[in-house]
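Heads up: the protein sequence lines correspond to chains B and F, in order.
Heads up: the first sequence begins at 256 in this note's numbering, then just goes up one per residue.
Heads up: the second sequence begins at 7 in this note's numbering, then just goes up one per residue.
Since the hints were derived computationally from the structure, they do not count as laboratory data.
Among these hints, one or two may not hold up.
[To be verified] Calculated cross-link-like contacts (lysine-lysine; reagent style PhoX-like; alpha-carbon spacing at most 20 Å):
hint, chain 1, residue 1, chain 2, residue 2
1, B, 329, F, 76
2, B, 273, B, 341
3, B, 347, B, 296
4, F, 66, B, 296
5, F, 141, F, 110
6, F, 141, F, 117
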Amino acid sequence: MSDVSPAILPTYDAPPVKHRIFSLPSVIAPESYYARADELKEAMMGFFEVYEPQQQWVLNVEQKNGIPQLHSMKHEVQVMHTFWHKSSDGQKLVGCLVEPDKLSVILRNLPKHSERFPALKYWVEKVVPVWASILSPKIKVAILEYANILSRDTVPEFVGKDGSLAVGELLTVFAGFPGEHKGMAPPYDCQMGLIIDPDAHVYLNLRVHGLERQVANASAVQVDLQAFKRPSDHNLTAAEAVDSIDFLHNIIVEKFETVFTPRAKTAFQTKTT
Amino acid sequence: MIAFTAGTTDAQVAPAYAGDREINRVVDQRFVGAGGSDIDASKLRTFEFPQTMFPVDGGKVLLRTYERLKLLIDERSETFAVEGWDIRLRCDQVHELPRHVVRKFLGLLAKANARILTPPEQLQWLSILDQVDFKQFSIDRAMPHYLEGTLISRRLGQPALVEWADGSRTSLHARVALPLTSLEPGDDFAAYVKLGKDNEVVSIESVSMLAAV
Numbered sequence: 256m257s258d259v260s261p262a263i264l265p266t267y268d269a270p271p272v273k274h275r276i277f278s279l280p281s282v283i284a285p286e287s288y289y290a291r292a293d294e295l296k297e298a299m300m301g302f303f304e305v306y307e308p309q310q311q312w313v314l315n316v317e318q319k320n321g322i323p324q325l326h327s328m329k330h331e332v333q334v335m336h337t338f339w340h341k342s343s344d345g346q347k348l349v350g351c352l353v354e355p356d357k358l359s360v361i362l363r364n365l366p367k368h369s370e371r372f373p374a375l376k377y378w379v380e381k382v383v384p385v386w387a388s389i390l391s392p393k394i395k396v397a398i399l400e401y402a403n404i405l406s407r408d409t410v411p412e413f414v415g416k417d418g419s420l421a422v423g424e425l426l427t428v429f430a431g432f433p434g435e436h437k438g439m440a441p442p443y444d445c446q447m448g449l450i451i452d453p454d455a456h457v458y459l460n461l462r463v464h465g466l467e468r469q470v471a472n473a474s475a476v477q478v479d480l481q482a483f484k485r486p487s488d489h490n491l492t493a494a495e496a497v498d499s500i501d502f503l504h505n506i507i508v509e510k511f512e513t514v515f516t517p518r519a520k521t522a523f524q525t526k527t528t
Numbered sequence: 007m008i009a010f011t012a013g014t015t016d017a018q019v020a021p022a023y024a025g026d027r028e029i030n031r032v033v034d035q036r037f038v039g040a041g042g043s044d045i046d047a048s049k050l051r052t053f054e055f056p057q058t059m060f061p062v063d064g065g066k067v068l069l070r071t072y073e074r075l076k077l078l079i080d081e082r083s084e085t086f087a088v089e090g091w092d093i094r095l096r097c098d099q100v101h102e103l104p105r106h107v108v109r110k111f112l113g114l115l116a117k118a119n120a121r122i123l124t125p126p127e128q129l130q131w132l133s134i135l136d137q138v139d140f141k142q143f144s145i146d147r148a149m150p151h152y153l154e155g156t157l158i159s160r161r162l163g164q165p166a167l168v169e170w171a172d173g174s175r176t177s178l179h180a181r182v183a184l185p186l187t188s189l190e191p192g193d194d195f196a197a198y199v200k201l202g203k204d205n206e207v208v209s210i211e212s213v214s215m216l217a218a219v
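Full structure from sequences and hints, please.
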C-alpha cells in the first residue's frame with residue numbers, strides 16, 4: 256500500500272456513505288450457536304434496545320438442460336437475529352446482525368446524525384468480545400465495508416434534467432474511459448479486487464453498480480469499498496479481528512481518495528447531510 | 007438459489023460480502039419480475055427449517071431432530087404448519103419455532119411420563135419420537151448418579167483408571183478425570199457422575215474423599 260497516511264487525507268462534511276459495516280464471517284459449531292442463542296440474545300440486549308428477528312424464505316432453483324426450475328422441495332427459511340440501538344430521534348442507528356456463520360455490526364448514515372467511523376469502532380469493541388466469548392467462533396476474515404450512494408440526494412449537481420447521473424465525472428474508474436462518446440448510461444456494474452498487502456493478507460474489493468430503483472427520480476449508483484483481512488494459515492482471534500479495524504479503515508479512506516474525482520470530492524466537502 | 011426477504015428495508019444493510027445472498031436478492035427480483043404466473047405455486051408451499059438442534063434448559067441440553075422440520079405454508083391464513091408436530095404459527099413468527107418445538111415436546115413428555123396422553127396425543131408422541139434423538143436427550147438430561155470408587159491410577163495427560171464400588175473398572179478420559187486431580191492412587195472417593203451412552207462417564211462433580219470422613 257502507499258505511504259499516504261489517512262491522518263493527512265482530507266475529511267468530508269458530507270461523504271456519500273450509506274452505511275458502514277464491520278463483519279466477521281466465521282465457523283461456529285451448530286451445538287454452540289443453537290445451545291447458546293438465548294444467552295447471546297440476553298447479552299446483546301444489554302447493549303441494544305431493540306431485538307428484531309429477520310427471516311428469509313429462500314427458494315432453491317435447479318437447472319435442467321439449461322433451464323432454471325423450482326426444486327419441488329429444499330426451499331428453506333433462514334432466521335437471523337438483529338439488534339438495534341436507536342438514535343435520539345428514534346431511528347435505527349447501530350445494528351448488530353447475528354447469523355449462524357457471521358457477525359455484522361452496522362452503522363447507518365442518518366440525516367441529522369454525524370456518527371462516523373469512531374462510533375462503529377466503539378460498538379465493535381463492545382460487541383465482538385461478548386459474541387466471541389459466548390459462541391467460540393473460528394473467525395476466518397475481518398471485513399470493513401463502506402457503501403456509498405451517488406444520487407440526486409448526495410450529488411445533485413451531477414444529475415441532469417433528464418435524471419441521468421454523470422458517472423464519468425464522479426468516478427475516476429469511469430472518467431478515463433478511452434474513445435469518444437457523448438456520455439455514459441446505465442447499466443453500471445464494475446468490480447475488481449486489489450491486493451493491498453499479500454504478506455498481511457489484506458485485500459480490497461471495489462464494486463460500482465447501478466441501483467435498480469431510482470432515487471429522487473434520478474439514476475443512482477452504489478460504490479462499495481470493502482477492505483478485508485483474511486489470513487490463509489490461521490483463524491483470527493477476536494482481539495486480532497477488532498484490532499484490524501483501524502488498519503482496514505485506513506485502506507478504505509485512502510482508496511476513497513483515489514476512486515472519486517476531485518470534482519466529486521469538492522461536492523462532498525460542501526454538502527450538509 | 008434465489009431468495010426473497012420478508013419485512014423491512016433494513017435487510018438491505020446486509021453487507022455485500024454476504025456474496026451469495028446479495029446476488030440471490032438481485033436474481034429474485036428479476037425472477038419474480040419475469041413472470042410470477044409461470045411459477046408452480048405448489049412447489050412454493052414446503053420449506054425446510056435448517057435448525058435441527060433445539061435448546062432445552064437454557065441450552066444445557068439440546069433436543070436433536072434427525073431431519074430438518076418441514077413447514078407447510080398456507081397462503082390464505084399466512085401461517086405454516088410443522089409436519090408431524092401439530093404446531094401452527096404465523097409466517098412472520100417463524101423465529102419462535104424453536105421455542106414451540108421444545109414446548110410441544112416437553113408437554114407431551116410430561117403427559118407420557120404421567121401416562122395421561124389421549125389417543126391422538128399418543129399417536130403424535132410416537133410420530134415425534136421417530137423424529138428426535140430421544141435416547142441422547144434422555145442421557146444428556148439425566149441427573150448425575152452418586153457413585154463411590156477408588157482411584158487406581160492417574161497421570162497428567164493420561165486416562166485415569168477408577169474401580170467403582172461394584173468392582174467394575176473404568177478408564178476415564180484425562181479431561182473427564184480433572185476433578186480427581188487432588189486424589190492419590192488408592193484414595194477412596196464419592197462423586198456425582200454423569201453417564202452417557204453405554205454408561206460412558208461424561209462428567210464427574212462434587213468429589214469428596216471417603217477416607218477423610
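Status of each hint after checking the structure:
| no. | hint | result |
| --- | --- | --- |
| 1 | B:329 to F:76 | holds, 9 Å |
| 2 | B:273 to B:341 | holds, 17 Å |
| 3 | B:347 to B:296 | holds, 18 Å |
| 4 | F:66 to B:296 | holds, 16 Å |
| 5 | F:141 to F:110 | holds, 18 Å |
| 6 | F:141 to F:117 | holds, 18 Å |
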